[in-house]
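Given only the sequences and the hints, what does the whole structure look like? Please build it.
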Amino acid sequence: MNAELIIFYLFSIFLIISSMRVVISNNPVKSAIYLVSSFFCSAVLWLLLGAEFLSVILILVYVGAVMVLFLFVVMMLDINLSEATGGFVKYLNEGIFVFIIMSALLILFFQNQFADTDKNIITEINIISDSNTKNLGYILYTEYILAFEIAAVILLLGIISAITLTHKKKSDNKFQDPDIQVNVKKEDRIFIVKDEDLK
Amino acid sequence: MIPMSHYLFLSSILFSISLAGIFLNRKNILIMLMSLELMFLSINFNFIIFGNYLGDLTGQIFVFFILTVIAAESAIGLAIIVVLYRNRHSINVDDIGNLKG
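Protein chains in written order, with this note's numbering: chain A, 1 to 199; chain B, 1 to 101.
Treat the hints as calculated values from the structure; they're not laboratory data. Where hints are given, some of them may not hold.
Covered stretches of chain B (in silico footprint by chain A; criterion: 3 or more residues with CB under 8 Å from a CB of chain A, positions within the stretch not fixed) [stated by the list, open to error]:
(1) 3 to 12
(2) 19 to 32
(3) 57 to 65
(4) 72 to 79
(5) 82 to 96
Which chain A residues face chain B? A few, computed with CB under 10 Å, are given here [as the list claims (entries may be wrong)]:
(6) VAL22
(7) LEU35
(8) LEU48
(9) LEU92
(10) GLU94
(11) PRO178
(12) ASN183
(13) ILE190
(14) PHE191
Treat the numbers as computed from the prediction; the structure is a model and nothing was measured. All residues carry an ideal CB built from backbone N, CA and C; glycine is no exception.
Here's what the structure looks like:
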């Protein structure tokens, strides 16, 4: 029983427990916190698999950004908790049924296909250097450069759609309308008053 | 050295838990979205494991792109939930049946 195996079992048990708490918990804030904990555990397991860059990215992007977004939305919505809870027992049988069937199928499949390939797993893949980040960057900026640019466009799409969905247009705001400004006529602004009219 | 099948069992259990979570949480659409995130996490696990098994870094590149897409997806999903709550004052999944689809 070496240290690597102990770390693996410890963090996989933590991961399973915290992901169950995400599903079971009635309070969305608690769910979000347990989701953070399960992301941490899986980042540690990715480190064991030799994917250092991705595990750091998982913590920085997920725990740092996406989970904060989730918590913001949970706080903003001000959900009535007594209304949001319950209804859990109603679908308990279906949930347990789906869990047992799905996990049994997947575990049987993996057991049959990959039980005898245990020694083949490689945690260090070297292309240009020992560093995982350098290798990833090398592949990403040469072979997958088009996919990288498409990913940037997808992020832009995410920004634009999130803003346009949630942006509220207020009717009492003062703003300029360039169309009206350009199309204004001389008669709209100046009234010529003749001298006889005043008398 | 950790056997590869143990990682695969872990990811399949994670996937099943999140799938059951989507079935269980009919009251709260936010927890449904969180279960979806967990599901993506188990998929990413599988990508890294099989990439290591084949001795290829392409699996990790795929995980990188999946992480990008999930970030955009969760931002849009949360925006939709905010708009939904603004219009209906509820995030109960059973209430969102008006289209009768």
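Verification of the supplied hints:
no., hint, result
1, 3 to 12, "holds (count 9)"
2, 19 to 32, "holds (count 11)"
3, 57 to 65, "holds (count 7)"
4, 72 to 79, "holds (count 7)"
5, 82 to 96, "holds (count 7)"
6, VAL22, "holds, 6 Å"
7, LEU35, "holds, 5 Å"
8, LEU48, "holds, 7 Å"
9, LEU92, "holds, 7 Å"
10, GLU94, "holds, 5 Å"
11, PRO178, "violated, 28 Å"
12, ASN183, "violated, 34 Å"
13, ILE190, "violated, 46 Å"
14, PHE191, "violated, 46 Å"
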